[in-house]
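K.L.:
Here's the letter readout for the chains.
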Amino acid sequence: MRNLFLFLYRYRAFIIFVLLEVLCGWLIVRNNFYQGAAYFNSANTASAWTLQFSNNVSDYFGLRTVNQELARENAILKKHVSKLRQSLTKDSLPGNNFLFKNFEFIPAKIINNSTQNFNNYITINKGRKDGIEPGMGVVTSDGVVGKIKATSSHYATGISFLHSNYYVSAKVKRTQTLCSMYWNGINPREANLLYVPRHIRLQKGDTVVTSGFNAVFPEDIVVGRIIDFRIQENEEFFEVEMELDTDYSALSYVYVIKNLMRTEIDSLELETGVIDE
Amino acid sequence: MSSRNIFIQIILLIVFLLVQIILFKNLVVFNVAFCFIYVSFLLMLPFDIDRLFLMLIGFSTGFMVDIFYDTLGIHAASCVLIMYLRPMYFKLVAPQGGYDVRIIPSIRDMGFIWYAVFTLIFVFIHHLTIFFLEAGGGKMFFYTLLKVFFSTLFSSFVIILVQYIFYPPRR
Chain D
2 MRNLFLFLYR YRAFIIFVLL EVLCGWLIVR NNFYQGAAYF NSANTASAWT LQFSNNVSDY
62 FGLRTVNQEL ARENAILKKH VSKLRQSLTK DSLPGNNFLF KNFEFIPAKI INNSTQNFNN
122 YITINKGRKD GIEPGMGVVT SDGVVGKIKA TSSHYATGIS FLHSNYYVSA KVKRTQTLCS
182 MYWNGINPRE ANLLYVPRHI RLQKGDTVVT SGFNAVFPED IVVGRIIDFR IQENEEFFEV
242 EMELDTDYSA LSYVYVIKNL MRTEIDSLEL ETGVIDE
Chain L
11 MSSRNIFIQI ILLIVFLLVQ IILFKNLVVF NVAFCFIYVS FLLMLPFDID RLFLMLIGFS
71 TGFMVDIFYD TLGIHAASCV LIMYLRPMYF KLVAPQGGYD VRIIPSIRDM GFIWYAVFTL
131 IFVFIHHLTI FFLEAGGGKM FFYTLLKVFF STLFSSFVII LVQYIFYPPR R
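Chain order of the listed sequences is D and L. First residue of the first sequence? That's 2 in the numbering used here, and the numbers climb one at a time after it. First residue of the second sequence? That's 11 in the numbering used here, and the numbers climb one at a time after it.
In case anyone wonders, no lab produced these hints; they're calculated from the structure. Hints may be right or wrong, so weigh each one.
List time: in silico EDC-like cross-link candidates among lysine to aspartate or glutamate, alpha-carbon distance up to 20 Å [said to hold, decoys possible]: (1) D:Lys-174 to D:Glu-272; (2) D:Lys-174 to D:Asp-60; (3) D:Lys-205 to D:Glu-240; (4) D:Lys-259 to D:Glu-220; (5) L:Lys-35 to D:Asp-248; (6) L:Lys-35 to D:Glu-240.
Remember, predicted model here, so these are calculated numbers, not experimental data.
Let's have the full structure, built from the sequences with the hints guiding it.
P.N.:
Set out below in structure tokens:
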């Protein structure tokens, strides 16, 4: 017994070292779990406050770009309004647009964001009190931004689309082909598409939109366009590269999407065994 | 260590963390060169601190940085590693008769060459673990290596520059 204690005492530095590293490893693994309830993240009050302060300072330097961005968004919205007005006067059937009725958009501001890591995260200045819940999608006027992971009362953090294991259900608009979009980890302006089968005739410049199949994002949000595609002799699916419309390094104002029908869709799918969770 | 020294170290830690989070978190050169200046705080801790205590300081410093970077555990793991290795390195390069109790590992006390070699080695180990842990192993091996290489140069440059400003070498 005495020898054991002597042994432990002699190698105490190494033992503590191993223990601490195991603790770190556990933290890393737990943090990578998809919906892990995390307390120590950038949404908790002290760190969110510091980040907000840092963001307030840098805001002044970004005013010009934000203004341009808002002006551009205004222009797009005006275009939409006029288009809708036209369709109202015509005696048209309700198209896909009626699906938007199920979604509520909560505006928020990004206070922490990165694009250089392999796994990037965002923090926004709206939280539980504003109706934000884990699992909600985040978009801008030109594409998807990510998905909320954890909330505190006034802030929320989420995984950015620029995250090595985040896949968004998408489709090629011209051919209506369903596929998955993911980030390749290097260039924040480019992404890849998975599962575009061999028989589809792709063209460079084809628009890629969200599919609306996973109840996180509404249908038909334009996310980017195809810039390159190729296929190996013995492969079933194309390797597709696309350019993203969203400039992730200049995110400022975003919208969090609340799907009012989500619980209904989820419980129906669970009940019928379409998804197993 | 006297309580005055402990107080100074705590102030230093807070200053380094604030500079890291407010300034250097937003400063990434060409998407590959990051600067983790807070490592300088760990490297500059006095020679005579107990090893266990060093590792605990490393863990808590890394943990605080992790909270702001949303990378729970990654910075903490590599800080514990360099704090474990630091006393070994000091033993290896110890002068005859050991270290004077009044000096700290800084450019002022140890000279440029000693400090530059020390900084490059430990910043390299720190960055190597951080970027490979973040990449989740060997994915994109050469791109990660590129990040490690340029970030080590950038961080070391800034750390040595800060030393020159606040702890200039003795004539």
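K.L.:
Next, verify each hint and record whether it holds.
P.N.:
Hints versus structure:
1. D:Lys-174 to D:Glu-272: violated (31 Å)
2. D:Lys-174 to D:Asp-60: Violated, at about 36 Å.
3. D:Lys-205 to D:Glu-240: holds (13 Å)
4. D:Lys-259 to D:Glu-220: holds (14 Å)
5. L:Lys-35 to D:Asp-248: With a Cα-Cα distance of about 19 Å, the restraint between L:Lys-35 and D:Asp-248 holds, given a limit of 20 Å.
6. L:Lys-35 to D:Glu-240: Between L:Lys-35 and D:Glu-240 the Cα gap is close to 34 Å, so the pair fails against 20 Å, i.e. violated.
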